[in-house]
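Chain residues, written in single-letter form:
There are 2 protein chains.
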Amino acid sequence: MLINRIIGYACDVNPGLPAFVGLDGVEVSYAQFGEATRRVAGGVAALEPRAGASVGILALNSIPYLEVFLGAMWGGRVAVPLNIRWSGRELAYAIEDAGIEVLFVDDQFAPLVEQIRALAPRLRQVVHMGVRPTPPGMVDGAGVRSAEPIDPVPVTADTVAAVVYTGGTTGFPKGVMHTQGSLLASAANCLCFGSPAKGSRYLLAVPLFHVGGYGLAFAQLLNGGTLVPLPMFRPDLVRTAVLQRGVDSIGLVPTMLGMLMDAPGFAAVDYAGIRAFAYGASPMPLPLLRRVMETFPHAQLTQVYGMTEVGVATMLPDHWHRGPQARVTAAGQPGPLYKVRIEDPDGRELPRGQLGEVVFYGPGVMKGYLNKPEATAEALRGGGMHSGDAGIMDEDGVITLLDRIKDMIVTGAENVYSVEVENAVAKHPAVAMCAVIGIPDEKFGEGVHAVAVLKPGAALTIDELRAHCATLIAGYKCPRSLELRDAMPLSAMGKILKADLRAPHWAGRGRRLN
Amino acid sequence: MLINRIIGYACDVNPGLPAFVGLDGVEVSYAQFGEATRRVAGGVAALEPRAGASVGILALNSIPYLEVFLGAMWGGRVAVPLNIRWSGRELAYAIEDAGIEVLFVDDQFAPLVEQIRALAPRLRQVVHMGVRPTPPGMVDGAGVRSAEPIDPVPVTADTVAAVVYTGGTTGFPKGVMHTQGSLLASAANCLCFGSPAKGSRYLLAVPLFHVGGYGLAFAQLLNGGTLVPLPMFRPDLVRTAVLQRGVDSIGLVPTMLGMLMDAPGFAAVDYAGIRAFAYGASPMPLPLLRRVMETFPHAQLTQVYGMTEVGVATMLPDHWHRGPQARVTAAGQPGPLYKVRIEDPDGRELPRGQLGEVVFYGPGVMKGYLNKPEATAEALRGGGMHSGDAGIMDEDGVITLLDRIKDMIVTGAENVYSVEVENAVAKHPAVAMCAVIGIPDEKFGEGVHAVAVLKPGAALTIDELRAHCATLIAGYKCPRSLELRDAMPLSAMGKILKADLRAPHWAGRGRRLN
Numbered sequence: 226m227l228i229n230r231i232i233g234y235a236c237d238v239n240p241g242l243p244a245f246v247g248l249d250g251v252e253v254s255y256a257q258f259g260e261a262t263r264r265v266a267g268g269v270a271a272l273e274p275r276a277g278a279s280v281g282i283l284a285l286n287s288i289p290y291l292e293v294f295l296g297a298m299w300g301g302r303v304a305v306p307l308n309i310r311w312s313g314r315e316l317a318y319a320i321e322d323a324g325i326e327v328l329f330v331d332d333q334f335a336p337l338v339e340q341i342r343a344l345a346p347r348l349r350q351v352v353h354m355g356v357r358p359t360p361p362g363m364v365d366g367a368g369v370r371s372a373e374p375i376d377p378v379p380v381t382a383d384t385v386a387a388v389v390y391t392g393g394t395t396g397f398p399k400g401v402m403h404t405q406g407s408l409l410a411s412a413a414n415c416l417c418f419g420s421p422a423k424g425s426r427y428l429l430a431v432p433l434f435h436v437g438g439y440g441l442a443f444a445q446l447l448n449g450g451t452l453v454p455l456p457m458f459r460p461d462l463v464r465t466a467v468l469q470r471g472v473d474s475i476g477l478v479p480t481m482l483g484m485l486m487d488a489p490g491f492a493a494v495d496y497a498g499i500r501a502f503a504y505g506a507s508p509m510p511l512p513l514l515r516r517v518m519e520t521f522p523h524a525q526l527t528q529v530y531g532m533t534e535v536g537v538a539t540m541l542p543d544h545w546h547r548g549p550q551a552r553v554t555a556a557g558q559p560g561p562l563y564k565v566r567i568e569d570p571d572g573r574e575l576p577r578g579q580l581g582e583v584v585f586y587g588p589g590v591m592k593g594y595l596n597k598p599e600a601t602a603e604a605l606r607g608g609g610m611h612s613g614d615a616g617i618m619d620e621d622g623v624i625t626l627l628d629r630i631k632d633m634i635v636t637g638a639e640n641v642y643s644v645e646v647e648n649a650v651a652k653h654p655a656v657a658m659c660a661v662i663g664i665p666d667e668k669f670g671e672g673v674h675a676v677a678v679l680k681p682g683a684a685l686t687i688d689e690l691r692a693h694c695a696t697l698i699a700g701y702k703c704p705r706s707l708e709l710r711d712a713m714p715l716s717a718m719g720k721i722l723k724a725d726l727r728a729p730h731w732a733g734r735g736r737r738l739n
Numbered sequence: 226m227l228i229n230r231i232i233g234y235a236c237d238v239n240p241g242l243p244a245f246v247g248l249d250g251v252e253v254s255y256a257q258f259g260e261a262t263r264r265v266a267g268g269v270a271a272l273e274p275r276a277g278a279s280v281g282i283l284a285l286n287s288i289p290y291l292e293v294f295l296g297a298m299w300g301g302r303v304a305v306p307l308n309i310r311w312s313g314r315e316l317a318y319a320i321e322d323a324g325i326e327v328l329f330v331d332d333q334f335a336p337l338v339e340q341i342r343a344l345a346p347r348l349r350q351v352v353h354m355g356v357r358p359t360p361p362g363m364v365d366g367a368g369v370r371s372a373e374p375i376d377p378v379p380v381t382a383d384t385v386a387a388v389v390y391t392g393g394t395t396g397f398p399k400g401v402m403h404t405q406g407s408l409l410a411s412a413a414n415c416l417c418f419g420s421p422a423k424g425s426r427y428l429l430a431v432p433l434f435h436v437g438g439y440g441l442a443f444a445q446l447l448n449g450g451t452l453v454p455l456p457m458f459r460p461d462l463v464r465t466a467v468l469q470r471g472v473d474s475i476g477l478v479p480t481m482l483g484m485l486m487d488a489p490g491f492a493a494v495d496y497a498g499i500r501a502f503a504y505g506a507s508p509m510p511l512p513l514l515r516r517v518m519e520t521f522p523h524a525q526l527t528q529v530y531g532m533t534e535v536g537v538a539t540m541l542p543d544h545w546h547r548g549p550q551a552r553v554t555a556a557g558q559p560g561p562l563y564k565v566r567i568e569d570p571d572g573r574e575l576p577r578g579q580l581g582e583v584v585f586y587g588p589g590v591m592k593g594y595l596n597k598p599e600a601t602a603e604a605l606r607g608g609g610m611h612s613g614d615a616g617i618m619d620e621d622g623v624i625t626l627l628d629r630i631k632d633m634i635v636t637g638a639e640n641v642y643s644v645e646v647e648n649a650v651a652k653h654p655a656v657a658m659c660a661v662i663g664i665p666d667e668k669f670g671e672g673v674h675a676v677a678v679l680k681p682g683a684a685l686t687i688d689e690l691r692a693h694c695a696t697l698i699a700g701y702k703c704p705r706s707l708e709l710r711d712a713m714p715l716s717a718m719g720k721i722l723k724a725d726l727r728a729p730h731w732a733g734r735g736r737r738l739n
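Just so you know, the sequences run in chain order A and B.
The opening residue of the first sequence carries number 226 in this note's numbering; numbering runs sequentially from there.
The opening residue of the second sequence carries number 226 in this note's numbering; numbering runs sequentially from there.
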């Protein structure tokens, strides 16, 4: 089962249906899409015949983006959709790491090319896929995209088809290797879930270098549905897509949903055509979710959860957003092509309801990190992808995420999840804000350490806090030390920066601080 | 991707939902189903520890049938669902061929066991899965099904999980080897199509030894839906299932649909709860289809097409049954996990609209025929499963079946499809009934030979027939000889027996006569 099948399948059975509708109204049928893909594959082969040369894409979402993405894979190349928020230095790192010798750029990113070229000697050809005149030194994309179409290069399900970079804010980014088979497994898993819905017209607002972008886009293409690529998220563009291009289905990260409803002149009636929202990639604040449900009462809501390393693995369907059985704080249930286990640090599956690491198994899991055998062995130990997320699974297989594993404290032989202790500490009437971290402890390896901002005029001792917590959680989980602060270090998003809290305690020691 | 995943998945995410509802009202949750499956696997392992021992099942559709089928695979065994219409001799052949050492039989088939045992020395254990007392010499099924549950035996996607016999009316039956991966691919393909529908309660009327039985049953289980197994097709049992067990979806062969509507006391209102019919396995007569559509105006119709060797590969969705775009004579479109090509005898893909052999590719295709390397090499030459069906694919990937390849005539270097010539011959006003076959021809290898029954008082010469046909089809396709008969040899189903027409011409020569 190959992701290349998308192209063959679409052209076999849906040639006349629209694969894409542009914001400008341009329609591209599946037959046209298939031909463009084959031509791109032919153009790349002519430009750089060496099969080992990877193909990078640095562009806003567009129809040509998907033609190049799928065309590169059709031609047996590794496609590398690059993070459009990266600096030239980060881009150059990825180009060298992934062996990108052919880079497609659009008008937006053409100005970065000079800097990238200086930093990435491996880059041989830059193809301009914009509408402006082709800048000097670049290959004209129109020529590449009108080359002689080629048959697919023979590949197997295990052939690496794409490298998608993850991380990058801390340390070097890691290239996640996905295969022909793993990309298709994720797409088929979405369809088994029934999302995106058959016959829908889906707004691709999440960038294509992100799993939430290409993951659902590939599912929609396998489904014979229509994609409307949005170059960037902007409420006015979403409105155009809905009112003028018939978009009825949309995938967004929670922040975008908030921006949409907060936009000047927002009127829900303009968006009444939207029948389905898929959201994910970051936690959905409950008040925002309630507002979405009130604003769009007729829209089906689906939360998707996964990660670059595994694709779209779980979904929370609409019916769990409503009524007395609602589980809106959950991440969802695994689809039929994934197995998800909650494991202890030794890789044993934990009973339902116990907190542990979320580990993904199945054909959608990455082949490994590019050029990083040690990180691969660590992440895939035991055969499953260790997500780094701490969560529980209930009796119905519904997963709720509670913490990051790195925020877990190992004290003695026990694992303590910071979020569980924080929930107990936060219930003390003196506490305004708190965080719980692990700090060095001679006897236990790590000790449970509470950091708190108190309410005005309040006071709190460690003994009082311990006595309070002992009524809520097991003794070994209760804080052994307490640090009072006037304020917490916060990120721009309002998240407590635990790494900053941990740093002074671990200076000169080995613990990973991020 | 493993078919065993069905059990793990169902128990992970749908433990409380009903996997089965019996005609008697008994409900079995997915949790109970999973446990029963694991227990059967444990019971089989205790009974016959040798891993190479296959597990046969000879029973009417029932809940235990699926527990044993999936339990055997869970335990790493090859499951062999046996044709309940076979004689003891045919059953013994399959038991020896497939290495069945443990056979599960229900009350219905227990009387056959003595004869089978005498013919099949390889059979070691017969497990009685009925409700009557266990006959002497058989193992009590209740004991096997209450053994200690076991973990799944490690297998890969390429491990043979089931052998399903096909044919048997002509020559020896062939055991089709399906793997853990191929069975799951077929089930996932159905779900990508959206059939059976999410949350449906599906009547399993097609026997479980048939691809139309287990194929859709596995899809429904992967979907978390409910199965109502019907021990045999009887209109009164279907009525009970719909009225008392809430069945809303049903899979039938066309003959059953006719029997349902022809049953004494049939009232469409009794079946108003049925929202979906899936039909297939043999051609659907157009008048019958029209009658179904008039009788059940609110039911969604889906035709499924495939074969034992490939699973459920194509579907004709409801919207192509209605309106001006209706294509009710078509077999359907491939699902996204299959590739279907129309090929010439040299394995080249033919342009759309040209008649050739339907060849299936993809992960759902069988591993091969058991103990038949030559038949396997022939059927899977070039990597795809040669169906033996002659058909065309139109521009939209819709496949229409027109003939069997064995009825094709090879004359000179050209392939002539008998059905195309028959359509031309039948248009002659003198012809009441006709068939076109290939007969020996010194010059061309085979000659196009028409056999006709004329209308009362009519006359026809070969020259007149050729002149008529030449206005409709190419010259090399026109009959070279004509044989007039008073009547055609017909099967009980009213089908012209071409083998009988061919036999006298080919006596003592090499052509396959069936």
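Hint data in this document are derived by calculation from the structure and do not stem from the laboratory.
Source: prediction; values computed, not measured.
Careful: at least some of the hints might be erroneous.
Given that identical chains are not distinguished, each listed pair holds provided it fits within a single copy or across any two copies.
As the list claims (entries may be wrong) - Below are the DSS-like pairs computed for lysine-lysine, each with C-alpha atoms no more than 30 Å apart in a straight line:
hint : residue 1 : residue 2
1    : LYS720    : LYS652
2    : LYS720    : LYS680
3    : LYS652    : LYS592
4    : LYS597    : LYS652
5    : LYS423    : LYS631
6    : LYS631    : LYS652
7    : LYS680    : LYS564
Item to check | Status of LYS680 relative to LYS720 across identical chains (alpha carbons, at most 30 Å) | outcome: within (19 Å within a copy, 89 Å between copies)
Next on the checklist: Within a copy, between copies, both or neither: which one fits LYS652 and LYS592 at a CA-CA cutoff of 30 Å?
Outcome noted: So LYS652 and LYS592 fail the 30 Å test inside a copy (44 Å) and across (60 Å) alike.
Checklist entry - Is it within, between, both, or neither for LYS423 and LYS631, if the alpha carbons may be no more than 30 Å apart? => result neither (40 Å within a copy, 38 Å between copies)
Checklist entry - Is the C-alpha distance from LYS720 to LYS652 at most 30 Å within one copy, between copies, in both cases, or in neither? => result within (19 Å within a copy, 80 Å between copies)
Checklist entry - Quick one: LYS597 to LYS652, C-alpha cut-off 30 Å, is that within a copy, between copies, both, or neither? => result neither (43 Å within a copy, 71 Å between copies)
Next on the checklist: At most 30 Å between alpha carbons: which applies to LYS631 and LYS652, within, between, both or neither?
Outcome noted: Answer is within; shortest intra-copy Cα gap is 24 Å, inter-copy 78 Å.
Checklist entry - How would you classify LYS680 and LYS564 at a CA-CA limit of 30 Å: within, between, both, or neither? => result neither (44 Å within a copy, 66 Å between copies)
Of the hints listed earlier, those the structure fails to meet are numbers 3, 4, 5, 7, in rising order.
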